[in-house]
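Q: This is what each chain is made of:
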Amino acid sequence: MPITNRHEQTILAPIRRVGMGDYLLWGSLLVLMLAGLGAWIWQYIEGLGITGMNRPVYWGVYITNFVFFIGLAHSGTFISAILRVAGQSWRAPLTRAAEAITLFSLPFGAGSILIDMGHPERILNLIFYGRFQSPIMWDVTAVGLYMLSSIVFFYLSLLPDIALCRDRLTDVPNWQKRMYKVLALGWKDSPEQYHRLEKVLDGMAVFMTMLVVTVHTVVSWLFGMTVQPGWHTALIGPFFLLGAILSGTAAVVIALALLRKVYHLEEVLHNGLFNSLRKLLITFILGWLYMMIAEHLTIGYASMHEEMVVLNDKFSGTYSLVFWNMTVLVFFVPLLIFIFKGKNNVGWMVFASVLINIGMWMERYIVIIPTETSPRLFHEMGGGSYLPALPEVLITIACFAGLVFLYALFTRFFPIIPIWETAESLPGHAHNAEPAPVSSTATGD
Amino acid sequence: MPRWGMVIDLDKCFACQSCTAACRMENNTPVAGQDQAEMGRAILWNEVLPFVEGEYPNIVETMIPRPCMHCDNPACIKVCPVQATFKNEEGVVLVDYDRCIGCRLCTVACPYTVRYFNWYQPEWPEALKEHLNPEPEVKPRPKGVVEKCTFCTQRLRKAREEAEAAGRVFNATDYIPACVQTCTGHARYFGDLDDPNSLVSKLAHSPRAFRLFEELGTQPKVYYLKQG
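Residue numbers (my numbering), protein chains in the order written: chain A, 20 to 464; chain B, 114 to 341.
Same shape as in the complex, but just chain A (with noise of 0.2 Å):
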């Protein structure tokens, strides 16, 4: 029996429709991203002095990025593994489009870290000479295994969909064809592979929800692993982490919205999961609340002298405009706007969602400059500034653009909603398998 799934044909409609308006999308985020290479070469060639950065602020907005997007690329595994665990069943129709941001953000995430560094060609020293007493090697691990298993997850829970693209769609051009026939690798539909494949993602829902939790603790660790006043706290893990599914969850709002809209997928995509996912970003705006309080509190009231002085310029002195203007909008804002307004309304929700992504990158940049512009020795002589140059905002520019350009592209080659995951009737109901015992593949992390 073939997979049946009622909405099928309005899937896979955005596939078999690639019109004007994608090649003009694509075209210009391509130019924009041919800009950030350009001054990334530019950065190469002439070194590092061209970017905003100095001493003592040694990193800057491309380390805010790496934070960025490594928490924006939580949206997925927050959604389709954690959630898959906990045996939530209304996430199946989300599950791809959240997927596909932790797919292609997780690069851009990583790149960061080689853009920001002053030889990128020695990236190599890291396996030749890496030992792991460093938090960058951490990172390098943590990041690069995040990467590869997001690969696998997504491929995995992408196969049958291949297979049915393979099958059914017979009007695309004949590259396309050969790129669905090689991809799907055979893939036949028997109820034996849908058994197995649920099991497999099973236990890699575990291992991934671990290693999701991992990657955004030692991310924070770059900065908590030191001495420094700001970074030296042990909330900074959790912190990040929360940070982290808050914006990763709200750029999975924006996602399905926009899908919604311009795929018409409004059946698949109801409102009973945009309010789902709304009762999930109250949750998670609060306990981002509960750490700002748990971690500003402890600091100011211990008003040890060096704290103070960071704590200080967040409060009130040269970031309190960033600061004051990213609670409001992480924060305040949001949340009204969750409570009275979200309810059966995507457009409102859109726009918190939106606040909430432009409130944490603020949020990520006041984490980690503060910080380095008041270090213990320089802050008694009126300690460093920080602004980004053009280079900074063109690659940054080019980061965010490269991410919707996977994006978008991919929308228009694979069903962006999991066809055999809503399906009415899989072959061999592999639906209603048992869960898989998952021990053996969550010890690895």
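Simulated from the structure, these hints should not be mistaken for laboratory data.
All C-beta atoms, glycine included, are put in the ideal place defined by N, C-alpha and C.
Careful: at least some of the hints might be erroneous.
Unchecked claim - Partner residues aside, some chain B positions facing chain A, computed with beta carbon under 10 Å:
no. : residue
1   : A188
2   : P224
3   : T226
4   : F230
5   : Q234
6   : K256
7   : V258
Given the structure of chain A, go ahead and fit chain B onto it with the hints provided.
A: Okay, now just chain B, sitting in the frame of chain A:
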């Protein structure tokens, strides 16, 4: 094996900056120019930092000359992903410029901000270019790597070679870094901290002695003698 350390007497230092200048010439640190220096791009392995306490007219100003602290428990070495920065057998913290990937985690991890990054290819005005120190240890560093005070490691090598050539045993007093040699007020002392009879070791145990941010547990090998 000596454990090299420095003692700086703040009573004797009058902030003439000759240590900073001598360090430049000895170690070939590039000239950043005024614009870049104002942006915080100057590379000065040794700096004299002014600390002002109180409100005018009741102020106390302390000048702290700051080389690398050559910590026994250095924050920079722990975090280096490729072991490009390391502590040698004699306790001196060095950088392998050919291995450094320029990630700058060491620069943000150092609580003393003693590590400098080469934002551009190094440059000198023509007149200075002719007088660069020819020692291989201080050949101009490429852009994109981190550098810092080495306690003039090239001077140590030369002192050892000279002792060997003269057929005598190398003595810890045979070698001092350029900043110590040039110090106008004789405020800097240098030597083997492990030798209980050395002057630095005695001064380091003086009741006036303190180290910067001792509470961080980095165990610097640069000691200061309190002012006043």
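Q: If a hint holds in the structure, say so; if it doesn't, say that too.
A: Here is what the structure says about each hint:
no., hint, in the structure
1, A188, "holds (6 Å)"
2, P224, "holds (5 Å)"
3, T226, "holds (5 Å)"
4, F230, "holds (6 Å)"
5, Q234, "holds (6 Å)"
6, K256, "holds (4 Å)"
7, V258, "holds (6 Å)"
In terms of the numbered hints stated before, the structure departs from none.
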